[in-house]
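J.: The listed protein sequences derive, respectively, from chains P and Y.
Oh and the first sequence: position 43 is 45 in our numbering, straight run, nothing missing.
Oh and the second sequence: position 59 is 98 in our numbering, straight run, nothing missing.
Just so you know, the hints here were simulated from the structure itself, not pulled from any lab data.
Take the hints with a grain of salt, since some may be wrong.
Claimed, not checked - When the alpha-carbon atoms are kept at most 30 angstroms apart in a straight line, the in silico BS3-like pairs for lysine-lysine are as follows: (1) 130(P) with 108(Y); (2) 108(Y) with 46(P); (3) 99(Y) with 46(P); (4) 134(Y) with 54(P); (5) 70(P) with 114(P); (6) 99(Y) with 105(P); (7) 99(Y) with 45(P); (8) 156(P) with 54(P); (9) 51(P) with 146(P); (10) 163(Y) with 146(P); (11) 114(P) with 108(Y); (12) 146(P) with 105(P).
To be verified - Some but not every residue of chain Y turned toward chain P, in silico, with C-beta under 7 angstroms: (13) 86; (14) 90; (15) 93; (16) 96; (17) 112; (18) 113; (19) 115; (20) 146; (21) 149; (22) 151; (23) 160; (24) 164.
Backbone N, C-alpha and C fix where the C-beta goes; we use that ideal spot for every residue, glycine too.
This is what each chain is made of:
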Amino acid sequence: MDISKKIILTGSFGVGKTSLFSRFIYSDFDDRYLTTIGVKVDKKTIDIKEHKLNMMLWDIAGEVAQDKVPLSYFLGAHGIIYVFDLTRPMTYNNIGTDIEYLKDILPEGVVKVVGNKKDLVTPEHIEKVISSLPIMCDITTSAKTGENVEDLFKSMGENLV
Amino acid sequence: MTFLERYKYNYFSRHSQLILFDFNGYLMESCDSLFSTQSFANTSMTSWFLFMESVFESLKTLEIGEKIKFNAVEPQFSALPGIYDFDFFIHLLDKQKICCWVINDCTEQYKQYQIMQQESNDLKIIQEHLHAEILKLRSTLEPTQKPLPQTSKRFPQER
Numbered sequence: 003m004d005i006s007k008k009i010i011l012t013g014s015f016g017v018g019k020t021s022l023f024s025r026f027i028y029s030d031f032d033d034r035y036l037t038t039i040g041v042k043v044d045k046k047t048i049d050i051k052e053h054k055l056n057m058m059l060w061d062i063a064g065e066v067a068q069d070k071v072p073l074s075y076f077l078g079a080h081g082i083i084y085v086f087d088l089t090r091p092m093t094y095n096n097i098g099t100d101i102e103y104l105k106d107i108l109p110e111g112v113v114k115v116v117g118n119k120k121d122l123v124t125p126e127h128i129e130k131v132i133s134s135l136p137i138m139c140d141i142t143t144s145a146k147t148g149e150n151v152e153d154l155f156k157s158m159g160e161n162l163v
Numbered sequence: 040m041t042f043l044e045r046y047k048y049n050y051f052s053r054h055s056q057l058i059l060f061d062f063n064g065y066l067m068e069s070c071d072s073l074f075s076t077q078s079f080a081n082t083s084m085t086s087w088f089l090f091m092e093s094v095f096e097s098l099k100t101l102e103i104g105e106k107i108k109f110n111a112v113e114p115q116f117s118a119l120p121g122i123y124d125f126d127f128f129i130h131l132l133d134k135q136k137i138c139c140w141v142i143n144d145c146t147e148q149y150k151q152y153q154i155m156q157q158e159s160n161d162l163k164i165i166q167e168h169l170h171a172e173i174l175k176l177r178s179t180l181e182p183t184q185k186p187l188p189q190t191s192k193r194f195p196q197e198r
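Using the sequences and the hints given, assemble the complete structure.
T.: See below:
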């Protein structure tokens with residue numbers, strides 16, 4: 003059975019949303035940081051249990067605070083992937099407020115919290131950052147090496163089916 | 040039509056396209072200014088336009104008179120290779136609920152904005168790393184040493 007779900011990639015600027023998007027959809031990575039303006043939309047179909055899941059991914063422009071993201075982008079969304087950068091405290095200092103806001107606007111949606119750029123830090127640093135967060139971090143990833151990227155989207159898919 | 044009216048019409052028609060479709064996703068009419076819809080006439084838009092596939096169910100929930108806007112969309116659709124603003128308006132035509140989709144090509148404006156946004160974001164990221172370095176250095180200073188100057192109270196970005 004075919005199922006379609008809309009998933010939003012959000013978070014502050016420069017955290018690697020587009021890199022995760024490109025890694026997952028095109029198996030591609032570019033070291034240069036190119037800011038996203040507005041929204042890019044693409045799709046990847048994965049097998050989850052007996053279903054074909056069409057993941058329609060919206061890679062949106064990074065904002066320091068989530069309440070600055072246009073509400074129309076979230077219309078009809080089923081899941082949100084909130085990305086922060088493990089090397090930049092500014093991208094997770096307000097994570098509690100941001101997640102609360104996202105759960106308010108999408109109460110039925112699945113929200114995943116992702117710490118990206120794990121290739122740039124030590125396991126001790128990751129542990130320290132995660133334990134300092136007021137909410138649970140679901141997974142840490144590296145769009146550069148591809149570590150945990152498939153797992154992130156697979157886990158989102160499993161929660162959505 | 041006066042010269043100015045013709046000029047105005049040509050100017051705007053080069054940057055905008057209007058499409059009418061029904062709530063099964065089928066095209067009713069299009070001015071085809073930006074791309075030709077001829078080959079899509081008998082297929083639902085959700086099957087050839089990914090963006091529409093991801094918003095169509097939500098559009099169907101809108102009431103007559105309602106409108107919704109999506110700014111700066113890069114649709115990953117070969118006939119629309121730039122950056123566009125999409126407006127959707129719900130109307131009643133011959134007792135049938137229909138949707139008017141207005142596509143505005145804003146590629147030039149967004150490309151300019153992208154350059155400025157890139158510079159701004161790059162600078163903010165450098166500032167953040169410098170701030171982190173200052174804090175690290177400050178924490179390693181001996182108590183007898185003169186402390187490093189305070190960083191700006193407005194930094195980093197406050198909400």
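J.: Now tell me if each hint is right for this structure.
T.: Results of checking the hints against the structure:
Of the supplied pair hints, the one linking residue 130(P) and residue 108(Y) is violated, its CA atoms being roughly 41 angstroms apart against a limit of 30 angstroms. In summary, the hint linking residue 108(Y) to residue 46(P) is supported, as the alpha carbons are separated by about 25 angstroms, within the 30 angstroms threshold. Between residue 99(Y) and residue 46(P), the direct Cα distance comes to roughly 24 angstroms. Compliance with the 30 angstroms bound is thereby established for this hinted pair. Between residue 134(Y) and residue 54(P) the CA atoms are separated by roughly 37 angstroms; this puts the pair beyond 30 angstroms, and the hint is violated.
Among the hinted pairs, residue 70(P) with residue 114(P) is consistent with the structure: their alpha-carbon atoms are about 19 angstroms apart, no more than 30 angstroms. Under the criterion of a C-alpha separation no larger than 30 angstroms, the hint pairing residue 99(Y) with residue 105(P) is consistent with the structure, at around 24 angstroms. The hinted pair formed by residue 99(Y) and residue 45(P) meets the criterion: a straight-line CA distance of about 21 angstroms does not exceed 30 angstroms. The hinted pair formed by residue 156(P) and residue 54(P) meets the criterion: a straight-line CA distance of about 12 angstroms does not exceed 30 angstroms.
At most 30 angstroms may separate the alpha-carbon atoms for a hinted pair to count; residue 51(P) and residue 146(P) meet this at roughly 28 angstroms. The straight-line distance between the Cα atoms of residue 163(Y) and residue 146(P) is roughly 22 angstroms, inside the 30 angstroms bound, and the hint therefore holds. Simply put, residue 114(P) and residue 108(Y) have alpha-carbon atoms about 26 angstroms apart, close enough for the 30 angstroms limit, and the pair holds. Pair hint residue 146(P) plus residue 105(P) holds up; C-alpha atoms about 29 angstroms apart against a cutoff of 30 angstroms.
The criterion of a C-beta within 7 angstroms of any C-beta in chain P is not met by residue 86(Y), whose closest approach is roughly 12 angstroms, and the hint is violated. Checking residue 90(Y) against chain P by beta carbon gives a least distance of about 5 angstroms; that is within 7 angstroms, so the hint holds. With its C-beta approaching chain P no nearer than about 4 angstroms, residue 93(Y) sits inside the 7 angstroms limit, and its interface hint holds. With a least beta-carbon distance of about 6 angstroms to chain P, the hint placing residue 96(Y) at the interface is held under the 7 angstroms criterion.
Interface hint at residue 112(Y): satisfied, since its Cβ lies 5 angstroms from the closest Cβ of chain P, which is below the 7 angstroms cut-off. With a cut of 7 angstroms, the hint placing residue 113(Y) at the interface with chain P holds, because the nearest CB-to-CB distance is about 5 angstroms. Below 7 angstroms, beta-carbon pairs count as interface contacts, and residue 115(Y) has one with chain P at about 5 angstroms; its hint therefore holds. The restraint placing residue 146(Y) at the interface with chain P is violated, with a minimum CB-CB distance near 10 angstroms, outside the 7 angstroms limit.
For residue 149(Y), the suggested interface contact is upheld, since its CB lies about 5 angstroms from the closest CB of chain P, less than 7 angstroms. Given the 7 angstroms rule on beta carbons, the hint for residue 151(Y) is violated: about 10 angstroms separates it from the nearest Cβ of chain P. The closest approach between the C-beta of residue 160(Y) and any C-beta of chain P is roughly 5 angstroms, which is under the 7 angstroms cut-off, so the hint is satisfied. For residue 164(Y), the suggested interface contact is upheld, since its CB lies about 5 angstroms from the closest CB of chain P, less than 7 angstroms.
The structure shown violates the earlier hints numbered 1, 4, 13, 20 and 22.
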